[in-house]
Amino acid sequence: MKFLIWALLAYLVYRMFVGKSSEKIAKKEPAAAETFQDPVCGVYIAEADAVVGRLEGKRYHFCSMDCLKKFEEMQQGH
Numbered sequence: 001m002k003f004l005i006w007a008l009l010a011y012l013v014y015r016m017f018v019g020k021s022s023e024k025i026a027k028k029e030p031a032a033a034e035t036f037q038d039p040v041c042g043v044y045i046a047e048a049d050a051v052v053g054r055l056e057g058k059r060y061h062f063c064s065m066d067c068l069k070k071f072e073e074m075q076q077g078h
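With the first letter of the sequence shown counted as 1, position 76 gets the number 76 in UniProt numbering; the numbers rise by one all the way through.
These aren't lab readings, by the way, just hints derived from the structure by calculation.
Keep in mind that this is a model prediction, so the values were computed, not measured.
Each residue gets a CB set at the ideal place from its N, CA and C atoms; glycine is no exception.
Possibly wrong hints are sitting among the right ones.
Computed Cβ-Cβ distance ranges for the label pairs, DEER-style [as the list claims (entries may be wrong)]:
hint, residue 1, residue 2, range
1, Ala-48, Lys-70, 20 to 26 Å
2, Phe-17, Met-65, 50 to 56 Å
3, Gln-37, Leu-9, 53 to 59 Å
4, Tyr-14, Pro-39, 50 to 56 Å
5, Gly-77, Glu-47, 26 to 32 Å
6, Gln-75, Glu-47, 17 to 23 Å
7, Glu-47, Lys-70, 19 to 25 Å
8, Ala-46, Lys-70, 18 to 24 Å
9, Val-13, Ser-64, 54 to 60 Å
10, Arg-15, Glu-47, 38 to 44 Å
11, Ala-33, Glu-56, 22 to 28 Å
12, Gly-77, Val-43, 17 to 23 Å
Hey, can you work out the whole structure from these sequences and the hints?
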């Protein structure tokens with residue numbers, strides 16, 4: 001009977017340590033970057049890589065300055 005108690009205790013201690021190490025691994029994973037679709041060419045870009053433009057208080061994300069310029073030209077034409 002003592003053997004079963006010690007085995008159960010050892011198992012519980014093992015599970016406590018394994019659970020904590022897997023939590024640490026999960027916390028180290030980087031958060032998914034938010035992506036935006038370029039309204040001109042349709043490419044998806046991470047916010048960190050995007051060129052940001054504003055029109056009437058709304059933010060638009062572009063893959064390049066060329067797409068931003070094309071967007072501005074399209075808006076002036078309307």
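Results for each hint:
no.	hint	result
1	Ala-48 / Lys-70: 20 to 26 Å	holds, 22 Å
2	Phe-17 / Met-65: 50 to 56 Å	holds, 52 Å
3	Gln-37 / Leu-9: 53 to 59 Å	holds, 56 Å
4	Tyr-14 / Pro-39: 50 to 56 Å	holds, 54 Å
5	Gly-77 / Glu-47: 26 to 32 Å	holds, 28 Å
6	Gln-75 / Glu-47: 17 to 23 Å	holds, 22 Å
7	Glu-47 / Lys-70: 19 to 25 Å	holds, 20 Å
8	Ala-46 / Lys-70: 18 to 24 Å	holds, 21 Å
9	Val-13 / Ser-64: 54 to 60 Å	holds, 56 Å
10	Arg-15 / Glu-47: 38 to 44 Å	holds, 40 Å
11	Ala-33 / Glu-56: 22 to 28 Å	holds, 26 Å
12	Gly-77 / Val-43: 17 to 23 Å	holds, 22 Å
No hint from the list above goes unmet by this structure.
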